[in-house]
Structure formats: C-alpha cells, structure tokens
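Novice: Now for the letters of each chain:
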Amino acid sequence: AQSVTQLGSHVSVSEGALVLLRCNYSSSVPPYLFWYVQYPNQGLQLLLKYTSAATLVKGINGFEAEFKKSETSFHLTKPSAHMSDAAEYFCANPWNAGGTSYGKLTFGQGTILTVHP
Amino acid sequence: NAGVTQTPKFRVLKTGQSMTLLCAQDMNHEYMYWYRQDPGMGLRLIHYSVGEGTTAKGEVPDGYNVSRLKKQNFLLGLESAAPSQTSVYFCASGDPGEPQHFGDGTRLSIL
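As you go down the protein sequences, you meet chains A and B in turn. For the first sequence, the numbering used here begins at 539 and goes up steadily by one. For the second sequence, the numbering used here begins at 123 and goes up steadily by one.
Please keep in mind that the hints were generated in silico from the structure rather than gathered at the bench. Predicted model only: the values in this text are computed from it and were never measured. Be aware that one or more of the hints could be misleading.
Stated by the list, open to error - Stretches of chain B that chain A covers, calculated by requiring three or more beta carbons in the stretch to come under 8 Å of a beta carbon on chain A: (1) 134-141; (2) 185-193; (3) 224-231.
Unchecked claim - So these bits of chain A aren't anywhere near chain B, every CB distance computed over 12 Å: (4) Val542; (5) Ser552; (6) Ala555; (7) Gln576; (8) Leu584; (9) Lys596; (10) Gly600; (11) Lys607; (12) His613; (13) Pro617; (14) Ser618; (15) His620; (16) Met621; (17) Glu626; (18) Thr652; (19) Pro655.
Heads up, the beta-carbon is just placed ideally off N, CA and C, and yes, glycines get one too.
Taking the hints into account, I'd like the entire structure generated from these sequences.
Specialist: In structure tokens form, the structure reads like this:
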C-alpha cells in the first residue's frame with residue numbers, strides 16, 4: 539500500500555495567520571491525493587483532491603494545496619485562518635494493490651488545527 | 123440529501139456481546155467501506171465491498187464481519203465484542219476514482 543505521512547499532530551495558529559499543514563506521500567507513480575477535514579463529532583468532508591490535472595489545487599473554505607513531485611509533498615495551506623477552521627485534517631491517497639485499489643484509501647495520522655483569537 | 127447514514131450513533135456494550143452497525147447510502151455508489159478511527163492513528167480500513175454481494179478484508183479485519191446484501195446497505199458485525207474494539211466507526215461510499223463520502227460515525231464503547 540502507498541502511504542502518507544503528516545508532519546505535526548497539532549498545529550496552532552492565530553486568527554488571520556497563515557495555515558500550513560504538511561503531508562508527504564510515498565509513491566513511485568503520480569498519485570491521487572486528497573485532503574479531508576473532520577469537525578468535532580462529524581464524519582470526514584472532502585476539502586480538495588489532486589488527480590494529476592494541475593499541481594495547484596483549490597478547495598473549499600479558502601484552502602489550497604500544491605503537489606510537488608520533487609519533494610513528494612502535498613501540503614495544505616490557507617492564507618488567513620478563521621476560528622471556524624479549527625478541526626482535524628487528514629491527508630489520504632489510494633492503495634495500490636496489484637494495480638487495483640478499489641478506491642481504498644490510506645490516511646495520514648491527522649493534524650489537529652487550533653485557531654486562537 | 124441524506125448521503126451516508128449510520129445507525130446507531132452511540133452504543134455501549136459489555137465484553138462478549140454482539141451487535142451490528144448499519145450503513146445506508148443513497149448515492150448509488152458501487153463501493154462501500156468500514157473504517158475505525160482511533161486517536162493518533164488516523165482511519166484504518168476494516169472491510170470493504172466493491173458491489174452487492176461482495177466483501178473483502180481491509181487493513182484490520184480481525185474480530186469483524188460484514189455483509190452487503192443490498193447495494194445501498196453495508197453492515198458491520200461484532201460477534202464477540204472486546205475492549206480493543208472501542209473506537210469510532212465510519213462508513214463511506216464512493217465510485218472508482220472519486221473521493222469517498224463519509225457518514226457521521228458510530229461511537230462504540232466496550233466495557
């Protein structure tokens with residue numbers, strides 16, 4: 539299976555500051571990559587997805603992520619944090635078992651984002 | 123838009139009891155999945171299904187069984203619950219090449 543690693547289990551920023559959440563993937567082929575957000579007591583919601591069409595991907599709520607093959611990274615950013623961005627964020631990419639993933643995803647460990655007033 | 127619906131939302135069991143978690147989706151997706159979420163470990167795939175009548179093991183299948191008798195439903199069973207199965211369980215559905223849609227989870231505690 540492919541794998542993703544999220545650096546930093548907790549990130550804390552002030553309201554209005556830049557948000558940077560890190561994700562590195564392990565893959566020998568261009569992958570699909572996703573970022574999901576999970577608000578307290580809710581399921582996961584898709585923020586954005588990379589499917590090889592463009593290296594800079596824009597998502598919902600002002601988030602974007604840039605695919606960098608040379609760094610095997612897909613970091614999530616937002617120029618100005620809002621209190622409502624406080625949540626847990628997961629990077630994910632599909633398995634690749636014998637070339638057939640059946641859509642199965644491997645998730646990173648998650649990063650909890652705290653936003654201070 | 124219901125999307126993916128999980129029942130129940132909360133449950134407390136005693137060790138050795140059995141129960142079934144129900145997942146229903148109304149998006150006509152072929153693929154459905156069961157995950158468990160534990161602190162610091164992200165989501166781990168328990169079982170999945172690529173169509174009605176099919177099931178397959180995921181990353182952590184031991185202690186669980188599943189059935190997909192109807193396309194819209196995916197059931198997760200615990201035959202003899204153990205404290206190690208205390209977790210939050212998420213069901214998801216999707217189509218090939220597309221992101222998955224998640225339910226709101228079932229919080230299960232086993233005493």
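Novice: Does A/Thr652 clear chain B by more than 12 Å, comparing its Cβ with all Cβ atoms of that chain?
Specialist: The claim holds: A/Thr652 sits with its nearest Cβ about 16 Å from chain B, beyond 12 Å.
Novice: Confirm or reject the statement that A/Ala555 sits farther than 12 Å, beta carbon to beta carbon, from all of chain B.
Specialist: Answer for A/Ala555: holds, closest chain B Cβ roughly 25 Å.
Novice: Closest CB-CB distance from A/Ser618 to chain B, is it above 12 Å?
Specialist: holds (26 Å)
Novice: Verify the coverage statement for the stretch 185-193 of chain B against chain A, using a C-beta to C-beta distance below 8 Å and requiring 3 or more qualifying residues.
Specialist: The restraint on the stretch 185-193 of chain B is violated, since only 0 of its residues have a Cβ under 8 Å from chain A and three are required.
Novice: Report holds if the minimum CB distance from A/Pro655 to chain B is greater than 12 Å, and violated otherwise.
Specialist: holds (26 Å)
Novice: Taking the minimum C-beta separation from A/His613 to chain B, is that value above 12 Å?
Specialist: holds (17 Å)
Novice: Just want to verify: A/Gly600 was marked as not at the interface with chain B; is every Cβ pair farther apart than 12 Å?
Specialist: Given a closest Cβ separation of 19 Å, the condition holds.
Novice: Run the C-beta distances from A/Lys607 to all of chain B and say if the shortest one exceeds 12 Å.
Specialist: About 20 Å separates A/Lys607 from the closest Cβ of chain B, which puts it past 12 Å; holds.
Novice: Are all C-beta atoms of chain B more than 12 Å from that of A/Met621?
Specialist: With a cut-off of 12 Å, A/Met621 remains clear of chain B, as the shortest Cβ separation is near 22 Å.
Novice: Just want to verify: A/Leu584 was marked as not at the interface with chain B; is every Cβ pair farther apart than 12 Å?
Specialist: violated (5 Å)
Novice: Go check the stretch 134-141 of chain B versus chain A for me, would you? Three or more residues, Cβ under 8 Å, otherwise it fails.
Specialist: Per the Cβ count (0), the hint is violated.
Novice: So is the stretch 224-231 of chain B in contact with chain A by the C-beta rule, three or more residues under 8 Å, or is the coverage claim wrong?
Specialist: holds (count 4)
In this structure, the earlier hints numbered 1, 2, 4, 7, 8, 17 are contradicted, and the remaining ones agree with it.
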